[in-house]
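Mind docking chain B on chain A? Use the hints.
These protein sequence lines are chains A and B, in that order. For the first sequence, the working numbering assigns the number 1 to the initial residue and increments by one for each residue that follows. For the second sequence, the working numbering assigns the number 1 to the initial residue and increments by one for each residue that follows.
Take these hints with a grain of salt, some might be off.
No distinction is drawn between identical chains; accordingly, a pair holds when it is met within one copy or between any pair of copies.
Said to hold, decoys possible - Capping the alpha-carbon separation at 25 Å, the derived lysine-lysine pairs in DSS-like fashion look like this: (1) Lys110 with Lys416; (2) Lys418 with Lys469; (3) Lys436 with Lys418; (4) Lys106 with Lys91; (5) Lys81 with Lys106; (6) Lys5 with Lys416.
No lab work stands behind these hints: they were computed from the structure. Model, not experiment: these values are computed from the prediction.
2 protein chains.
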Amino acid sequence: MAKQKTAIVPTREDNYPEWYQQVVRAADLAENSDVRGCMVIKPWGYALWENMQAVLDAEFKKTGHKNAYFPLFIPKSFLEKEAEHVEGFAKECAVVTHHRLEDDGKGGLKPAGELEEPLVVRPTSETIIGAAFARWVESYRDLPLLINQWANVVRWELRTRLFLRTAEFLWQEGHTAHATADEAKEETALIHDVYADFAEDVMAMPVIKGEKTAGERFPGAVQTFTIESMMQDRKALQAGTSHFLGQNFAKAQDITYLGDAGKLEHCWTTSWGVSTRLVGGLIMTHADDDGLVVPPRLAPAHVVILPITFKADDPDAVLAYCKQLAEDLRGQTFAGRPIEAELDTRDMRGGDKTWQWVKKGVPIRLEVGQRDMAEDSVFMARRDLSPKEKQGVKRELFIANVAGTLQAIQDGLFEKAKAHRAEHTRVVNAKDKFYKFFTAKNAEQPEIHGGFALAHWNGDEKIADQVQKDLGVTVRCIPLDGELERCGFGDAAGEGKCIFTGEPSKTRVVWAKSY
Amino acid sequence: MAKQKTAIVPTREDNYPEWYQQVVRAADLAENSDVRGCMVIKPWGYALWENMQAVLDAEFKKTGHKNAYFPLFIPKSFLEKEAEHVEGFAKECAVVTHHRLEDDGKGGLKPAGELEEPLVVRPTSETIIGAAFARWVESYRDLPLLINQWANVVRWELRTRLFLRTAEFLWQEGHTAHATADEAKEETALIHDVYADFAEDVMAMPVIKGEKTAGERFPGAVQTFTIESMMQDRKALQAGTSHFLGQNFAKAQDITYLGDAGKLEHCWTTSWGVSTRLVGGLIMTHADDDGLVVPPRLAPAHVVILPITFKADDPDAVLAYCKQLAEDLRGQTFAGRPIEAELDTRDMRGGDKTWQWVKKGVPIRLEVGQRDMAEDSVFMARRDLSPKEKQGVKRELFIANVAGTLQAIQDGLFEKAKAHRAEHTRVVNAKDKFYKFFTAKNAEQPEIHGGFALAHWNGDEKIADQVQKDLGVTVRCIPLDGELERCGFGDAAGEGKCIFTGEPSKTRVVWAKSY
Chain A
1 MAKQKTAIVP
11 TREDNYPEWY
21 QQVVRAADLA
31 ENSDVRGCMV
41 IKPWGYALWE
51 NMQAVLDAEF
61 KKTGHKNAYF
71 PLFIPKSFLE
81 KEAEHVEGFA
91 KECAVVTHHR
101 LEDDGKGGLK
111 PAGELEEPLV
121 VRPTSETIIG
131 AAFARWVESY
141 RDLPLLINQW
151 ANVVRWELRT
161 RLFLRTAEFL
171 WQEGHTAHAT
181 ADEAKEETAL
191 IHDVYADFAE
201 DVMAMPVIKG
211 EKTAGERFPG
221 AVQTFTIESM
231 MQDRKALQAG
241 TSHFLGQNFA
251 KAQDITYLGD
261 AGKLEHCWTT
271 SWGVSTRLVG
281 GLIMTHADDD
291 GLVVPPRLAP
301 AHVVILPITF
311 KADDPDAVLA
321 YCKQLAEDLR
331 GQTFAGRPIE
341 AELDTRDMRG
351 GDKTWQWVKK
361 GVPIRLEVGQ
371 RDMAEDSVFM
381 ARRDLSPKEK
391 QGVKRELFIA
401 NVAGTLQAIQ
411 DGLFEKAKAH
421 RAEHTRVVNA
431 KDKFYKFFTA
441 KNAEQPEIHG
451 GFALAHWNGD
461 EKIADQVQKD
471 LGVTVRCIPL
481 DGELERCGFG
491 DAAGEGKCIF
501 TGEPSKTRVV
511 WAKSY
Chain B
1 MAKQKTAIVP
11 TREDNYPEWY
21 QQVVRAADLA
31 ENSDVRGCMV
41 IKPWGYALWE
51 NMQAVLDAEF
61 KKTGHKNAYF
71 PLFIPKSFLE
81 KEAEHVEGFA
91 KECAVVTHHR
101 LEDDGKGGLK
111 PAGELEEPLV
121 VRPTSETIIG
131 AAFARWVESY
141 RDLPLLINQW
151 ANVVRWELRT
161 RLFLRTAEFL
171 WQEGHTAHAT
181 ADEAKEETAL
191 IHDVYADFAE
201 DVMAMPVIKG
211 EKTAGERFPG
221 AVQTFTIESM
231 MQDRKALQAG
241 TSHFLGQNFA
251 KAQDITYLGD
261 AGKLEHCWTT
271 SWGVSTRLVG
281 GLIMTHADDD
291 GLVVPPRLAP
301 AHVVILPITF
311 KADDPDAVLA
321 YCKQLAEDLR
331 GQTFAGRPIE
341 AELDTRDMRG
351 GDKTWQWVKK
361 GVPIRLEVGQ
371 RDMAEDSVFM
381 ARRDLSPKEK
391 QGVKRELFIA
401 NVAGTLQAIQ
411 DGLFEKAKAH
421 RAEHTRVVNA
431 KDKFYKFFTA
441 KNAEQPEIHG
451 GFALAHWNGD
461 EKIADQVQKD
471 LGVTVRCIPL
481 DGELERCGFG
491 DAAGEGKCIF
501 TGEPSKTRVV
511 WAKSY
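So here's chain A without its partners, still in its complex pose:
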């Protein structure tokens, strides 16, 4: 059978990493800049991020958080206060040492005005926000303090990939302070849920909610909770984390409050974040060999209308019909947002134009020519179906059903991603089978060619280190109580024995290669 042509070359099967880069390029989402590791987020990619921000920001506000903004720069001495924290970030941070450029005598410029204390461009803001919290919190009446910041951060990564790992990225970072450990833990769990619901309901990206092992925790945290999602190459993506920081940062930074007994106590703090990495997750969850597929909840345009006027008897009438159609669609809403209908009247070849929108992943494409107008209908293609599957629909019917169609696409994408995860997740009960699961290269048996392994483990970090060395596989998370059942892996739930030592284990954990 002849190989089917695809808009993206290579295909996922042929070369997954290169396919990813090509989807980013074809959908015009982002590009590498002239600054090592820093990306330019192009309008279509940025619009995805803006839509993510809008939904998350509303959730944060609904749950009582307020936005604020803290300095980009962190004095070196601040970072040094929490030992594990600085250990985690010192190796990859941008350091500002001077505050001007001056003539170097050779026609160029050199750094001048050396700072007394170097400043680090924030890799995360626990320390600088903690210093503010120490000023703001006086008594128990000031608690809980629930703050979020939308910001750019910099981690000097050597090997970068657009959206997934870049030296500079955009994110939100929540920081909260509480009077008791329980309240801080509740906050951590609340946000963990916000992230999971966002991933599944809005991004149509199924996740497993769990706790990180000690080896994978945020530097300085007592507990780190994560949502882990399976990408199409079966690797895991850590899509959001929520940290219970205990009193570690509060003690390092003197965040104290006067309790009702009149005693000075240290606060209990949390931090949590998601980043532009989610755009990478979106791509790797839904894109196919024809380009991006955007879940309707996040689509910068829900519907694109392509007037076909070149062979029309009356091009102006077709255009007017399309304009009215766009107007009527904008009067409809989907998931609380007005329908975004884009009318593309650019003067270019129809085929090229169609494929541009396919590659950008717009959920619904309408092609409208003279005949469609005459029949008071539109020609509709859904991005989640084959590009060849188009159908004529009566205009009024299409408009009346558009929100339902979008929801069907949204639901379908989620179900498809869940099926993919189910297909490549295995309950593994023996070490040899575990190693085989992650190493078998047999093309006849793609079902055992890696993915998520659900296996018992005694919690020994040395064993985890050995597995990582051998296979490049890590424990992605220890699933929360009931989470395996919620995700459809009920048969994996319950106690058992460590597959490496035979020791008792309370729950299977999720093992995978990861981004």
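Okay, now just chain B, sitting in the frame of chain A:
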């Protein structure tokens, strides 16, 4: 007469700069951080900025601009490409020279991993965005290219003041490329109008639209257009600028397009921006000796409801009445936004609570006790009136009229600011009167104690330099055609003679001290 007590000490009259700091503190808008010159924007201040962003962002999108995001860092060599530009920014920029911290052998950390080329933290992004435009633009079909970015920027200012001048600030920067000079000029003018309308209609801050003189232009621009507003101390605040960059940056960065005649041409570019400085302008336009006064269009809360339960027979009933009131208010809209009603049930002294909200500048304050509930009414205070002026209003009537009341407050603030500007703007026709206007210290004659002087000038920069040296006064702008009339200074319009030389002059220009 005994001096009236005020919530802010000192008052504007007693010490204006200190009054400003105290308003920022009392309204809990921002504070200095531990990083020299960098501020922490606190939730109430950030909410003002978010509301500004929402309105401006919608305007930019409505006029065809798309948001994108470009790197925080600019290679030193990029900045060097445009001579005037680097001259303008090299003296005050944060320079990144290293990419990690390592053990200094003394228990601390030192910068390590020196970069081959130093990176500058963006003071503005013409050069890094220009490099992207050079990649993106190929033919005339790609034009106009209309991009906006919301971002943080850093200019290493030595003397800083919260919101007005800080080392790091938040802003939007628009960058556009066009095929012709005329189109670029139209864009510059369009945005100039967007800014002016925003300032007047949304911020209730009257502005004069004009062009900057050569000495006050953006480094590298051909023309800079500005909106200038008079603060309560009669100094001018430059509140937004829109630059026609000609082909300066396009030539420095090779931003070219293939014209329809098949010839490679340089683009014509623009850039434009407003920043968190606007929050400073808002404060200095409307705040009074009792604290901030927020124009309703930008208010994070339009109405605050203070239940007075401590002397109520049935505190729960009063609270339920207030909750229902808040719900009903949230069902109303003002200027396209749902009414934000804040119910303050904190356990603290009523007087303290009331004054907190006065100082924060919430447009409408409702106090509701047992008797008000019994009478199905509310006790209302408007922030634009004296704190003593409160009035009982029937609940239904208040709700029905709330949008109208807010609009009346909005309009009143604008009129008051216009009247202030009118009072302190003078047509000046002679040099000695000009000098006297800016130097007279006679308390009996406050009307000649500085402000805006509308005076003819021959355009000679040497004269302007001398005036700046003598008086600290500069030309704020050359008003656009018809602008003096629009601003109510019709008698100042028309040609005349330079007050310094007697030479002919086409228009009076605006002179003032400035921030």
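Any of the earlier hints contradicted here, and which numbers? Per hint list: 1, 2 violated.
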